[in-house]
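Asker: Chains as they are written, first to last, in the working numbering: chain A, 58 to 475; chain S, 58 to 475.
Treat each hint with caution, since some may be false.
Pairs count within a copy or across copies, as identical chains cannot be separated in the list.
Claimed, not checked - Derived pair list, reagent style PhoX-like, types lysine-lysine, alpha-carbon separation capped at 20 Å:
| no. | residue 1 | residue 2 |
| --- | --- | --- |
| 1 | LYS82 | LYS158 |
| 2 | LYS380 | LYS370 |
| 3 | LYS301 | LYS331 |
| 4 | LYS70 | LYS158 |
| 5 | LYS331 | LYS295 |
| 6 | LYS71 | LYS189 |
Hints were generated in silico from the structure; no laboratory data involved.
There are 2 protein chains.
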Amino acid sequence: LLRLLFSFQNFFKKAWELGVDDPRKFIHCLKVGLALSVVSLFYYMRPLYDGVGGNAMWAVMTVVVVFEFTVGSTLYKCINRIVGTSLAGVLAIGVHWVASKSGEKFEPVILGASVFLLAISATFSRFIPTIKARFDYGAMIFILTFSLVSVSGYRVDKLFDLAQQRLSTIAIGTALCLLVSMLIWPVWAGKDLHDLIIRNMEKLADSIDGGIAEYFTDNSNTDDQDKKDSRQKLQGYKCILNSKATEDSLANFARWEPAHGNFGFRHPWTRYLKIGAMMRNCAYCVEALGCCMNSDIKANECTKKHLSEVCMKLSSHSSMVLKELVVVTKSMTKSTVIDFLVGQMNSTVEDLQTTIKSLPTQYSPPSTGLEAHDEDKEKKDNPIISPIIVPFVDVIPLVTLSSLLIEITIRIEKIVEA
Amino acid sequence: LLRLLFSFQNFFKKAWELGVDDPRKFIHCLKVGLALSVVSLFYYMRPLYDGVGGNAMWAVMTVVVVFEFTVGSTLYKCINRIVGTSLAGVLAIGVHWVASKSGEKFEPVILGASVFLLAISATFSRFIPTIKARFDYGAMIFILTFSLVSVSGYRVDKLFDLAQQRLSTIAIGTALCLLVSMLIWPVWAGKDLHDLIIRNMEKLADSIDGGIAEYFTDNSNTDDQDKKDSRQKLQGYKCILNSKATEDSLANFARWEPAHGNFGFRHPWTRYLKIGAMMRNCAYCVEALGCCMNSDIKANECTKKHLSEVCMKLSSHSSMVLKELVVVTKSMTKSTVIDFLVGQMNSTVEDLQTTIKSLPTQYSPPSTGLEAHDEDKEKKDNPIISPIIVPFVDVIPLVTLSSLLIEITIRIEKIVEA
Chain A
58 LLRLLFSFQN
68 FFKKAWELGV
78 DDPRKFIHCL
88 KVGLALSVVS
98 LFYYMRPLYD
108 GVGGNAMWAV
118 MTVVVVFEFT
128 VGSTLYKCIN
138 RIVGTSLAGV
148 LAIGVHWVAS
158 KSGEKFEPVI
168 LGASVFLLAI
178 SATFSRFIPT
188 IKARFDYGAM
198 IFILTFSLVS
208 VSGYRVDKLF
218 DLAQQRLSTI
228 AIGTALCLLV
238 SMLIWPVWAG
248 KDLHDLIIRN
258 MEKLADSIDG
268 GIAEYFTDNS
278 NTDDQDKKDS
288 RQKLQGYKCI
298 LNSKATEDSL
308 ANFARWEPAH
318 GNFGFRHPWT
328 RYLKIGAMMR
338 NCAYCVEALG
348 CCMNSDIKAN
358 ECTKKHLSEV
368 CMKLSSHSSM
378 VLKELVVVTK
388 SMTKSTVIDF
398 LVGQMNSTVE
408 DLQTTIKSLP
418 TQYSPPSTGL
428 EAHDEDKEKK
438 DNPIISPIIV
448 PFVDVIPLVT
458 LSSLLIEITI
468 RIEKIVEA
Chain S
58 LLRLLFSFQN
68 FFKKAWELGV
78 DDPRKFIHCL
88 KVGLALSVVS
98 LFYYMRPLYD
108 GVGGNAMWAV
118 MTVVVVFEFT
128 VGSTLYKCIN
138 RIVGTSLAGV
148 LAIGVHWVAS
158 KSGEKFEPVI
168 LGASVFLLAI
178 SATFSRFIPT
188 IKARFDYGAM
198 IFILTFSLVS
208 VSGYRVDKLF
218 DLAQQRLSTI
228 AIGTALCLLV
238 SMLIWPVWAG
248 KDLHDLIIRN
258 MEKLADSIDG
268 GIAEYFTDNS
278 NTDDQDKKDS
288 RQKLQGYKCI
298 LNSKATEDSL
308 ANFARWEPAH
318 GNFGFRHPWT
328 RYLKIGAMMR
338 NCAYCVEALG
348 CCMNSDIKAN
358 ECTKKHLSEV
368 CMKLSSHSSM
378 VLKELVVVTK
388 SMTKSTVIDF
398 LVGQMNSTVE
408 DLQTTIKSLP
418 TQYSPPSTGL
428 EAHDEDKEKK
438 DNPIISPIIV
448 PFVDVIPLVT
458 LSSLLIEITI
468 RIEKIVEA
């Protein structure tokens, strides 16, 4: 029993930490409670109750189902719910009218067949990727309302009243949800996406910088706490590898959001996805680089020392470019320094290439006849230093990728500025 | 107008192809239609209607909301819905009883406060990862039912009847959904996961094999169609990179499924996730390998030829191991060949290392004093061949990873057999 109690305590402690980490979660819970209490008032107060009728529970339901963490997803669900309901309601009333004209015998047949067919087509439409991304919930609500209205229409006979009541209660629910979610400490999916990208960029910069630095510096005399910190920094890129799903859904919701803060109405959210994909590519390279560095193959100390300076310069330059990008993306202005930094990075790449080229002469005669290939130069190195070359070849696509990244971000800045 | 018509036609064509690709999607649509029609019958038939009462629409709603593509997700929603509803119903009735005892004045206060507090705690619980994965839907239904019952309890006064009706209609709906989804061409999330892992393994094997082969063979005399095919095969690993989300959700749903086919009740689904993660790691390496091969740095033809044989042998061996793994996972038996194949692969790795070691002697004298490091041998090579070495260093973690993979799969086989 004590152990059970202990595990319970542990569980609550973890849950509490989760909330403390991100206080917006607590606020979200309070918002849900508030919205529900307000909507319950409609039910408790007699005059309102008589006005809306027994269907007031639809308003409660709407609030519970529609209220989501970010404004974007709430809006997405609200719009989908309203459009789906009204479309299905209109269609259902039309079908019902046709059915009632066609006589007692055919009525249930027509109604049944229409439910069957529409359910099939709406369900199928949910498999189509573009519809799934934007109108998945709407399609479900469409089937729901259509079958409810057409099925109950056979019995209730007060079809218009039902449809109208349902729509008005849903409108009350959605309006309330939107007000609460947008006015009280709103959580914008777009801002979340923006922050996520920036955070990932920072992590990537730290990983590149820290990884190379750790590899080349002698870290035997640093204490354990420092080591732990740096290790955590190095592992930062890991979460970039799997961030695709989060980015996609955030961008999807961000599309629904109205203009807020620094973000205009048609903010280029897909650009963020592109940057995200680029960063994932970089992270793959960092991953491979980490593989090389952690492999059993130890590099020759002497060559390592020889290369370390340029190497660390390159990594610090590329992470500086990334950090400048972070600043640029944060402020959404065009940076004046970025071109200079990129140039610096590229010149460091050239430095590195020449350093590698100079190495072979110290150990073994360079094989001639290959000088023609410019890129080959960085490969002409003594056998002993090849283990260090390996991370470099990985750094180079990384560098190209980061310069690509830069180009794209500059383009974004232009669009944002425009 | 013609262009609009054309784009419509295009859209339908694409949708149709989507269905032809995976006929289970058509079948799923038919199943939804069937379930809805059957549940509508409850409404149309007067005797049944009188039995269940006006709340029969809850059954319709349940079917629409609960019916999902895979058996696992349907089961997950069904169980969550039933448990959430009954828990909330019982609690709501309890709170209502307490409230009714405490006098006219306090009744709405107690009801309101309980709705507010429970909504907050249930919403917060949805943020906790373990609960989110398994009971997200249940928590939502809990809030929904609790607020509905406690809000309407204040007015309707026939609380027990309402709760009982709601439960029975939901039970009808869920039972119907389960029957239809499990008996008529069931789509098992577990089997899907199994197939996905196998498919990804095959793709990975093809990518490794094809990538190295394409790099080393002269492909100027193959025709375009062949090239396109091989390129598509090479890109196969790309979809492994982003398969994490799919795997996670499938494994999550698979956990809910009863025993089916070759899968027992407590099939080790988490193992599949581990294999998936391993394969993603491999795919990162393949990605880096692809980077190296596509970079501007061209390798020296002579050394390339020298290494090509061992290289291709290694890649074919490692892909053979993967393919054997596919067979093993498919049949879920312990393979007798796998140990042999792994041994073959490892000996090829050694071959490769010796080949690389032998190279320097042809061009330049090997630097002595490093022979002690066993792993270093594969690094001792002539400057000219380093560009080819690069893919190798990537192949080596890949090989280690695949042997890791093998170990884990063998363990799975043991568990499955046991």
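Asker: When no copy is specified for LYS71 and LYS189, does a C-alpha distance of 20 Å or less occur within a copy, between copies, both, or neither?
Answerer: between (34 Å within a copy, 14 Å between copies)
Asker: Indicate which option fits the pair LYS70, LYS158 if close means a Cα-Cα distance not exceeding 20 Å: within, between, both or neither.
Answerer: neither (64 Å within a copy, 35 Å between copies)
Asker: Using 20 Å as the alpha carbon limit, work out where LYS301 and LYS331 are close: within a copy, between copies, both or neither.
Answerer: Intra 11 Å, inter 19 Å, cutoff 20 Å: intra and inter.
Asker: Given identical chains, is LYS331 near LYS295, meaning Cα to Cα at most 20 Å, within a copy, between copies, both, or neither?
Answerer: Both: 18 Å inside a copy, 16 Å across copies.
Asker: At most 20 Å between CA atoms: does that hold for LYS380 and LYS370 within a copy, between copies, both, or neither?
Answerer: within (15 Å within a copy, 44 Å between copies)
Asker: Tell me, please, which holds for LYS82 and LYS158 at an alpha-carbon limit of 20 Å: within, between, both or neither?
Answerer: Neither way: LYS82 and LYS158 sit 54 Å apart in one copy and 35 Å across, limit 20 Å.
Of the numbered hints given earlier, the model fails hints 1 and 4; all others are met.
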